[in-house]
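There are 2 protein chains.
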Amino acid sequence: MGAGADRMSIDVLVSEVGPRDGLQSLKAIMPTEAKKAWIRAEADAGVPEIEVGSFVPPKLLPQMADCEELVRYAVTIPGLHVTTLAPNLKGVERAVAAGAHKVSIPVSASETHSQANVRRNHAEMLQEVRRINEMLGELPEERRPVFEAGIATAFGCTMEGPVPEGKVLELAHALVEAGCREVGLSDTTGYANPAQIRRLVRMVRAEIGEEKLTGVHLHNTRGLGLANAMAALEEGITTLDSSLGGIGGCPFAPGASGNIVTEDLVFMLESMGLNTGINLDRLLKVRDVVAEALPGAEMYGFTPEAGLPLGFHPGWGTT
Amino acid sequence: MGAGADRMSIDVLVSEVGPRDGLQSLKAIMPTEAKKAWIRAEADAGVPEIEVGSFVPPKLLPQMADCEELVRYAVTIPGLHVTTLAPNLKGVERAVAAGAHKVSIPVSASETHSQANVRRNHAEMLQEVRRINEMLGELPEERRPVFEAGIATAFGCTMEGPVPEGKVLELAHALVEAGCREVGLSDTTGYANPAQIRRLVRMVRAEIGEEKLTGVHLHNTRGLGLANAMAALEEGITTLDSSLGGIGGCPFAPGASGNIVTEDLVFMLESMGLNTGINLDRLLKVRDVVAEALPGAEMYGFTPEAGLPLGFHPGWGTT
Chain S
2 MGAGADRMSI
12 DVLVSEVGPR
22 DGLQSLKAIM
32 PTEAKKAWIR
42 AEADAGVPEI
52 EVGSFVPPKL
62 LPQMADCEEL
72 VRYAVTIPGL
82 HVTTLAPNLK
92 GVERAVAAGA
102 HKVSIPVSAS
112 ETHSQANVRR
122 NHAEMLQEVR
132 RINEMLGELP
142 EERRPVFEAG
152 IATAFGCTME
162 GPVPEGKVLE
172 LAHALVEAGC
182 REVGLSDTTG
192 YANPAQIRRL
202 VRMVRAEIGE
212 EKLTGVHLHN
222 TRGLGLANAM
232 AALEEGITTL
242 DSSLGGIGGC
252 PFAPGASGNI
262 VTEDLVFMLE
272 SMGLNTGINL
282 DRLLKVRDVV
292 AEALPGAEMY
302 GFTPEAGLPL
312 GFHPGWGTT
Chain C
2 MGAGADRMSI
12 DVLVSEVGPR
22 DGLQSLKAIM
32 PTEAKKAWIR
42 AEADAGVPEI
52 EVGSFVPPKL
62 LPQMADCEEL
72 VRYAVTIPGL
82 HVTTLAPNLK
92 GVERAVAAGA
102 HKVSIPVSAS
112 ETHSQANVRR
122 NHAEMLQEVR
132 RINEMLGELP
142 EERRPVFEAG
152 IATAFGCTME
162 GPVPEGKVLE
172 LAHALVEAGC
182 REVGLSDTTG
192 YANPAQIRRL
202 VRMVRAEIGE
212 EKLTGVHLHN
222 TRGLGLANAM
232 AALEEGITTL
242 DSSLGGIGGC
252 PFAPGASGNI
262 VTEDLVFMLE
272 SMGLNTGINL
282 DRLLKVRDVV
292 AEALPGAEMY
302 GFTPEAGLPL
312 GFHPGWGTT
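These protein sequences, in sequence, are chains S and C.
Residues 2 to 320 (the working numbering) are what the first sequence spells out, left to right.
Residues 2 to 320 (the working numbering) are what the second sequence spells out, left to right.
Mixed in with the good hints, there may be bad ones.
When chains are identical, the list treats them as one kind, so a pair holds in a single copy or across two.
Each computed SDA-like pair below joins lysine to any residue, with the alpha-carbon atoms no more than 25 Å apart [stated by the list, open to error]:
hint	residue 1	residue 2
1	K37	R120
2	K168	L311
3	K168	E178
4	K168	E142
5	K60	A29
6	K286	E143
Hints in this document: simulated from the structure, not taken from any laboratory.
Values in this document were obtained by computation on a predicted structure and should not be read as measured data.
When you get a sec, could you build the whole thing from the sequences and use the hints?
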């Protein structure tokens with residue numbers, strides 16, 4: 002949580018993943034100082050949670066090589082919840098050493114994608130999750146981050162096509178058994194539609210318990226991102242990942258955009274009177290910080306271009 | 002209805018308004034033959050209804066000067082439902098003479114916008130609606146188009162800001178009393194959010210009867226278009242206006258985009274197993290027809306850029 006808000010008063014937790022998911026998809030490497038300025042500016046705007054990077058080998062993703070420094074910096078910002086991604090035990094150990102509040106491990110529902118992404122199949126990933134859980138169990142509680150698995154390609158895979166829901170349910174169950182405190186559902190490929198979101202969220206929550214599925218990670222690849230976000234919210238989801246300017250996506254597929262756009266998401270939520278703890282005017286200004294540090298990168302989002310409506314105030318659509 | 006579908010089998014009626022709402026917002030004038038090619042191509046893709054133009058004085062909107070010729074052409078396409086906009090009695094008379102199946106009159110909930118748009122206040126517009134209704138009543142039934150009022154700025158006005166819901170309810174009631182068979186709600190300014198859509202649709206339907214409010218007209222100005230469309234559908238709305246490539250919007254406000262994008266809307270609906278009667282592959286090809294006729298015009302939409310998902314088929318997200 003940033004400067005603005007009391008975490009308890011938040012209706013929907015917007016988790017900024019741009020410094021991780023956005024930047025890892027771009028060829029350009031953002032300087033560490035610019036990343037810090039971005040993280041600071043979003044926290045100052047009231048963004049309660051930021052995924053600052055990924056603990057992957059720098060050889061694979063040089064864009065993420067400064068993850069440790071970013072975690073160490075971000076945890077000094079009062080109230081900010083600092084999360085990172087880590088694909089394996091070693092990555093989680095690094096996250097713990099740096100002091101991250103939460104670590105997510107991506108586990109792909111599609112075996113083909115799992116192999117491509119982390120070079121492991123489901124059985125191997127579950128074994129890794131058990132080892133991580135064991136390691137975390139030996140830590141004193143105050144140093145133990147929340148350990149979550151993000152089920153990637155939960156709504157379809159660019160290599161396999163449709164992913165059977167049964168496979169997602171099975172994986173969610175196994176991940177909780179193996180020690181994950183929470184499981185998230187990721188529409189890594191931007192394949193999902195609102196009906197599918199509703200159904201899968203409902204099924205997984207029935208399988209593992211409502212408190213163990215509270216977040217979804219959506220992409221706006223086919224323009225359905227906010228419609229999918231609404232569907233998730235209406236099924237009880239309370240954490241939504243998003244990326245400032247929707248940065249990310251694949252540089253080789255024009256329009257294959259990144260995550261849902263933080264600015265548009267926050268405008269939607271605040272319009273409806275759902276408190277995010279975020280100050281929209283300040284959030285919109287963060288865009289300049291990112292644009293300056295990523296010259297030429299495509300940024301998405303309609304609200305930043307159109308501006309806020311005349312007479313807008315949070316919850317204005319509720320009376 | 003175009004070549005593809007049986008109107009009775011359609012779950013959601015996608016009404017293409019690009020040739021009217023899209024083109025009237027652009028400075029460029031699309032040649033009549035290009036408009037015909039667009040209309041034909043969309044009808045061939047199965048689009049069941051197209052708003053082909055607006056019967057406004059050509060001096061005010063030269064882009065719409067060929068509306069009569071377009072109606073005469075479009076009604077020859079088997080099964081296509083041909084609609085037009087008309088701001089007054091004279092326009093409706095021209096629509097009737099050309100043989101339009103449906104005519105919409107825009108009546109703005111905001112008096113300020115009403116004056117700016119049609120130079121008339123509510124009382125004057127209601128008087129006009131009564132005169133139109135009288136004229137239509139004298140026609141033989143087979144020549145009488147469906148007469149609808151579109152309540153513009155129903156969710157907020159760029160000149161007045163928030164628009165009281167009571168004013169929209171009152172206006173909807175008065176328009177039905179004055180003889181409109183249906184009333185639509187238009188988010189002319191892209192101010193709406195899903196909660197507001199749900200509430201206002203519910204209130205207006207309770208006021209005038211469900212069968213008299215079946216359609217909404219949404220803009221994607223702040224990126225919430227498809228989320229708003231979902232909210233409307235879940236409240237029982239069955240007709241959604243959209244524009245191919247989301248063309249339109251204001252040329253002086255970058256990103257202040259036009260209507261929701263037909264391609265993304267149809268992808269969303271068909272993904273969910275809601276039959277639109279539209280063939281997505283053919284629809285995506287229509288974009289070339291429009292792009293060629295409007296060189297340099299900004300076109301929106303994510304699905305056309307990203308392409309359809311691997312293994313996609315209508316209703317794939319429903320099993």
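Exercise. Of the hints given before, which are not true for this structure?
Worked result: 1, 4 and 6
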